[in-house]
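S.K.: Next come the chains, spelled out residue by residue.
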Amino acid sequence: MLKIAKSKLNDLYAKINESMGLFIPVKVAGEVDYRVWSEGKEVSLETLKTVKSPKSMFFPQTENLMKFVKEGKNIEIIDVREDFDQRKPFVLFGVKACDYKAIEVLDKVFLADPVDTYYQDRREKTTIITTACSKPEDTCFCSVFGIDATNPLGDVTTYLDNDYLYWQANTEKGENLTNLVKDLFENGGEEKVAEIKENAKKVLDCLPFKNLDLSKFKPENLNELFNSDKWQELSEACLACGTCTFVCPTCQCFDIRDFKTNKGVVRFRCWDSCMYSDFTQMSHGNNRTTQTQRFRQRFMHKLCYYPSQNGGLYSCVGCGRCVNKCPQNLNIVKVIKALGDK
Amino acid sequence: MQEIQAKMKARAKELLESGQVARVIGWKKGEFIYDNSPATFESVEELDNFVYDYFCGSNLSKYLIAESKKPGKTAVFLKPCDTYSYNQLIKEHRINKDNVYVIAIECLAKLNAETIKNLADGFVTGVSVEGDKVTISSPYGEKVVDKKDVLLTKCSTCSKTHVAGDEQIIVYNFEKPSTDRFEKVKELEAMTEDERFAFWRSQLSKCIRCNACRNVCPACSCVKCVFDNPASGISAKANDDKFEEQLFHVIRAFHVSGRCTDCGECSRVCPQNIPLHLLNRKFIKDINQTYGEYQAGEETEGKTPLTSYTVNDAEPNEVVNGGK
Ligand code: SF4
Ligand code: SF4
Ligand code: SF4
Ligand code: SF4
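From first to last, the protein sequence lines are chains A and B. Note that the first sequence covers residues 309 to 650 in our numbering. Note that the second sequence covers residues 68 to 391 in our numbering.
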């Protein structure tokens, strides 16, 4: 195990940034999100729940897929992927255990056949540094999904206390990165890390949602859950804003649209939300005609449809972002409690 | 506060039991102390979860667009600010007011759960209000803070009193501190153009385009928003920087100007805490200056400054300069 004084972290960021891109939680106008690091930015590794999750590093909110350029009667098709080999490798720093698990959930979607080459390129070029949680929040319920917040994986795992950042490489990619920055570190920290974990466990043990019961959410209960009469009440205050889907680290739906420019068309994709009335619009309209149906889709997908296709893996990781951010305080915990009992 | 809640609950019970109303819109308890949700109660049994406390910041008036079209009367609890939105929705013929029974309730100013959570290091186990002090408990200890520092933004400069109500529930005659709601707008006006641009760029660069601000807004009551219409030719879902920062929010602020009652819901719901209300307040301030004092939602009828012409209206060049 290696350690570096927190006061020297800026040197670490600068060193990484010399040869690689660096995405890290940065505070802008009061809110922390993963952004490109540059000298002078206010980094906040301690922030557990960035507003947007790190998924936007692999699956950006808006992304060009291809371009059609018109010249006279010719249309030239430009595949933006041809530029991918010029992209620098990058480091994603500060990922919490829940968000790391969420990347596994996304991988199963984007890297399954047919592979999403846009996602894959970014994914392969990234070295992920996770940061263990020292102070879980009241809305955290990662442990319900078997995630250990004190021991996230990734290429490198880091731990924080008041004075130091502790660093442990886990993979070859992690070792390579370590070699690059080793000079900035000193050895030691095992005991401190054990202490950090110990303290965090104490907080985890008194979290209000730690005993959420998921046993009801099994594929064989799909029809019963789908037809429950509780959805109406659960969704009645929903604004259909989609905040919950955009802050969620595992929500993965996107729309593909064409943008007309003077010289042709840019085809892009952007995040979409099952909470929206024009989601998966078909010629006859949307197949979910009420907000209750759309609301149900979001939670059934997380707790039933996705696990039934992925060996029981839930596509909620208990990060609690939707619990924090829904303007009307509707969320997956309320759904699990209402439908999960008995 | 508990006294107000008890009276409200008792009234809701009476109204439902006697059949005077078919439903009551209020708030129900959440999982924590701070996460109440708007709710419709259709029976006395459902009232078990009824709550009214310092975390009932959401404005219930917009739910009436749908609820007032249902059979039977709908009773609704409205705080002072909410009654302005209610009047404005009536003025715009969005609510069937014959089907609504308004109970105007005292608010005592609502608290901001997020600010409180930050003060409690993310783990809130208790919140109690005693006069102008708030005690926040967490596993890491207790903090006593000034209530004015943990209020919702919209409550911290509010001086509104009810402008609608078939009856009132007022217990404390809580006096609102007098503050200048245009203070921040004036700060922005005092900036140079570059500084102001930098301020809004950095704020709006956070936007995730979730549309919470629009969907919660009582002035945004179009049946289908142009940005939701795939045939409109506007790539509304793409969170593109230029469009985002220069157009969407400004268009929306223009669209609701003269109709925005300054209920402050947009800033309350924004997951990125973008101070959207400052855009609206700038328009309100300019309207006041250019056309004379006007408060949207004060009346359910009558002319409005931006939709009526008078010979004394400001000339365009005055307006442009006034907007400086
Ligand atoms: S559940 Fe909440 S966050 Fe999600 S769409 Fe509805 S109101 Fe918005
Ligand atoms: S559903 Fe909510 S708690 Fe679960 S992963 Fe998504 S945002 Fe986090
Ligand atoms: S949900 Fe778990 S891993 Fe995620 S921030 Fe909270 S404690 Fe950390
Ligand atoms: S609520 Fe905030 S983040 Fe969402 S669209 Fe409005 S300004 Fe953007």
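Hint data in this document are derived by calculation from the structure and do not stem from the laboratory. Some hints could be false.
Under the rule of at most 35 Å between Cα atoms (straight-line distance), these lysine-lysine pairs were calculated in the DSBU-like manner [as the list claims (entries may be wrong)]:
| hint | chain 1 | residue 1 | chain 2 | residue 2 |
| --- | --- | --- | --- | --- |
| 1 | A | Lys-323 | B | Lys-273 |
| 2 | B | Lys-158 | A | Lys-349 |
| 3 | B | Lys-158 | B | Lys-74 |
S.K.: Mind checking the alpha carbons of Lys-158 of chain B and Lys-74 of chain B for me, to see if they're no more than 35 Å apart?
M.R.: holds (30 Å)
S.K.: Are Lys-158 of chain B and Lys-349 of chain A close enough, with their CA atoms no more than 35 Å apart?
M.R.: With a Cα-Cα distance of about 48 Å, the restraint between Lys-158 of chain B and Lys-349 of chain A is violated, given a limit of 35 Å.
S.K.: Can the restraint linking Lys-323 of chain A and Lys-273 of chain B be considered satisfied, given a maximum Cα separation of 35 Å?
M.R.: holds (27 Å)
The structure fails to meet hint 2 from the earlier list, while all remaining hints are met.
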